[in-house]
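Asker: So the protein sequences, as listed, match chains A and B.
Mapped onto our numbering, the consecutive letters of the first sequence carry residue numbers 1 to 298.
Mapped onto our numbering, the consecutive letters of the second sequence carry residue numbers 299 to 398.
Hints in this document: simulated from the structure, not taken from any laboratory.
From a predicted model like this one, the values you see are computed outputs, not experimental measurements.
The C-beta atom is built at its ideal place from N, Cα and C for all residues, glycine as well.
Wrong hints could be hidden among the right ones.
[Claimed, not checked] No farther apart than 30 Å at their CA atoms in a straight line, the calculated lysine-lysine pairs in the DSS-like style are these:
| no. | chain 1 | residue 1 | chain 2 | residue 2 |
| --- | --- | --- | --- | --- |
| 1 | B | Lys342 | A | Lys76 |
| 2 | B | Lys398 | A | Lys76 |
| 3 | B | Lys346 | B | Lys398 |
[Unchecked claim] Residues of chain B clear of chain A, computed beta-carbon distances all greater than 10 Å:
| no. | residue |
| --- | --- |
| 4 | Leu331 |
| 5 | Leu340 |
| 6 | Glu354 |
| 7 | Lys367 |
| 8 | Thr387 |
[Unchecked claim] If you want the footprint, here are the derived chain B segments under chain A, 3+ residues with CB under 8 Å:
| no. | region |
| --- | --- |
| 9 | 319-325 |
| 10 | 373-384 |
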Amino acid sequence: MRIWFAFVSLIVGICATSNVWSAPITFNTALPVGGGEFVARELVVVSESGKDPSGANRDRSATSFVSVLGYGVTNKLALFGVLPYVDKDLDVTVAGNRINRSENGLGDVSVFGRYTVVQRDQPGSTFRVAPFFGIKAPTGDDNERDEFGRLPPSVQSGSGAWDVFGGIVGTYQTFAFQTDGQVSYRINNEANNFEPGDEFRLDGSLQYRLLPRALGDGVPSFLYSVLETNLVYRGKNKVSGTDDDNSGGTTVFLSPGLQYVTKRWIVEGVVQLPVIQNLHDNALENDYVVRAGVRFNF
Amino acid sequence: MKKNTLVLISLLWLPIVALASDQEVVDIDVAGLACPFCAYSLEKNLKKLPEVESAEVNLAANSARVVIKADHEADLERIKEAIVKAGFTPGDVTTSVVQK
Numbered sequence: 001m002r003i004w005f006a007f008v009s010l011i012v013g014i015c016a017t018s019n020v021w022s023a024p025i026t027f028n029t030a031l032p033v034g035g036g037e038f039v040a041r042e043l044v045v046v047s048e049s050g051k052d053p054s055g056a057n058r059d060r061s062a063t064s065f066v067s068v069l070g071y072g073v074t075n076k077l078a079l080f081g082v083l084p085y086v087d088k089d090l091d092v093t094v095a096g097n098r099i100n101r102s103e104n105g106l107g108d109v110s111v112f113g114r115y116t117v118v119q120r121d122q123p124g125s126t127f128r129v130a131p132f133f134g135i136k137a138p139t140g141d142d143n144e145r146d147e148f149g150r151l152p153p154s155v156q157s158g159s160g161a162w163d164v165f166g167g168i169v170g171t172y173q174t175f176a177f178q179t180d181g182q183v184s185y186r187i188n189n190e191a192n193n194f195e196p197g198d199e200f201r202l203d204g205s206l207q208y209r210l211l212p213r214a215l216g217d218g219v220p221s222f223l224y225s226v227l228e229t230n231l232v233y234r235g236k237n238k239v240s241g242t243d244d245d246n247s248g249g250t251t252v253f254l255s256p257g258l259q260y261v262t263k264r265w266i267v268e269g270v271v272q273l274p275v276i277q278n279l280h281d282n283a284l285e286n287d288y289v290v291r292a293g294v295r296f297n298f
Numbered sequence: 299m300k301k302n303t304l305v306l307i308s309l310l311w312l313p314i315v316a317l318a319s320d321q322e323v324v325d326i327d328v329a330g331l332a333c334p335f336c337a338y339s340l341e342k343n344l345k346k347l348p349e350v351e352s353a354e355v356n357l358a359a360n361s362a363r364v365v366i367k368a369d370h371e372a373d374l375e376r377i378k379e380a381i382v383k384a385g386f387t388p389g390d391v392t393t394s395v396v397q398k
């Protein structure tokens, strides 16, 4: 594990000190949405968790189709809406029998606002800082059942609760590279006697321009290599007000990817690999997360 | 005969010369613009201005070229406002006149 950590530190260190690197794939950016302009993003997120220290041999997979619409109210203020469609699947061994629990449908809708508080523009570069704040509404089903009874919260398509989240994101962008950093916190609330642990995240992203090697006239398309890191700390879940000791903990992802950026659209993909998983007791470990999608200007 | 041919050729060019008109071109520096995706928003905001015929960003030159419609005048303040609205910072401006 220490070797992985050293590798991550080395890569981040090399990239941060290089003089040559569009937006992060796993989190937000402080780059502007023009006043009166719309941007849209369609994202597929595939998550697999199958390392189960509990002996129940749990194997959880989830595929989300996430639609995001952003609108620039002014040059500083942008509003975003996030609508996920989720397909969740859990295989678990109970009393020697292998059973499958699954659910799909619209998930919980989130809306958030982002306001640029720092904007330092230079020819060919920009530095911006923008705090953001949002809410998640319980629009997804949270009381679905199957032949075995009520589905566990991890398989429901919605949480049933109103949650709030906020943070601050910073971006430094040049023609050759872009780096972004974000700190965020999500307060998860209780519904149906279940309260997921709050979530703290620390994210970093470096995007380095691979092509074109030299800029020509006009607006050429860019191919970026992407390297992101995500530190995610989740508190313990609460069941009927009591801490679930087999939940929560810290995960660090290292996420390499590619991004192709044109004037009208972006196509991108990244694989999030858990390089550190310091989870509580028998909490289910993550295998990987794949994110791929497109963004549009219209 | 040679003189008549020259007169005839000159007359053939007359309608083309009569259609030619002057157009104002504004080249303006833009700071804070460093990726292709951002350039589209800037071009779109500039093209929304009623006097603008076309707008093109040159990323490497950190500038935008705005071509004004033949029978209109450039409103530099409005062009700068459009750049700010798109999320960027306007800089030095150079104007020139070209024949369409």
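Asker: Now look at each hint and say whether the structure bears it out.
Answerer: Structure-based check of each hint:
1. Proposed proximity of Lys342 of chain B and Lys76 of chain A is supported: the alpha carbons are some 17 Å apart, at most 30 Å.
2. Distance restraint check for Lys398 of chain B and Lys76 of chain A: the Cα-Cα separation of roughly 38 Å exceeds the 30 Å cut-off, and the hinted pair is therefore not satisfied.
3. Among the hinted pairs, Lys346 of chain B with Lys398 of chain B is consistent with the structure: their alpha-carbon atoms are about 21 Å apart, no more than 30 Å.
4. Some Cβ of chain A comes within 10 Å of the Cβ of Leu331 of chain B; the nearest lies about 8 Å off, and the non-interface call is violated.
5. With a least CB separation of 7 Å from chain A, Leu340 of chain B falls inside the 10 Å interface cut-off, contrary to its annotation.
6. A Cβ of chain A approaches the Cβ of Glu354 of chain B within 10 Å, the least distance being about 7 Å, so the stated non-interface status is violated.
7. For Lys367 of chain B, the requirement that its beta carbon stay farther than 10 Å from each beta carbon of chain A is met, with the minimum near 22 Å.
8. Chain A draws Thr387 of chain B into its interface by the beta-carbon criterion, the shortest separation being 4 Å against a cut-off of 10 Å.
9. Figure legend: the region 319-325 of chain B, annotated as covered by chain A; annotation inconsistent (0 residues with Cβ-Cβ distances under 8 Å, at least 3 required).
10. Here the region 373-384 of chain B counts 3 residues with a CB under 8 Å from a CB of chain A, which clears the bar of 3, and the coverage holds.
The structure fails hints 2, 4, 5, 6, 8, 9 (numbered hints given earlier, in ascending order).
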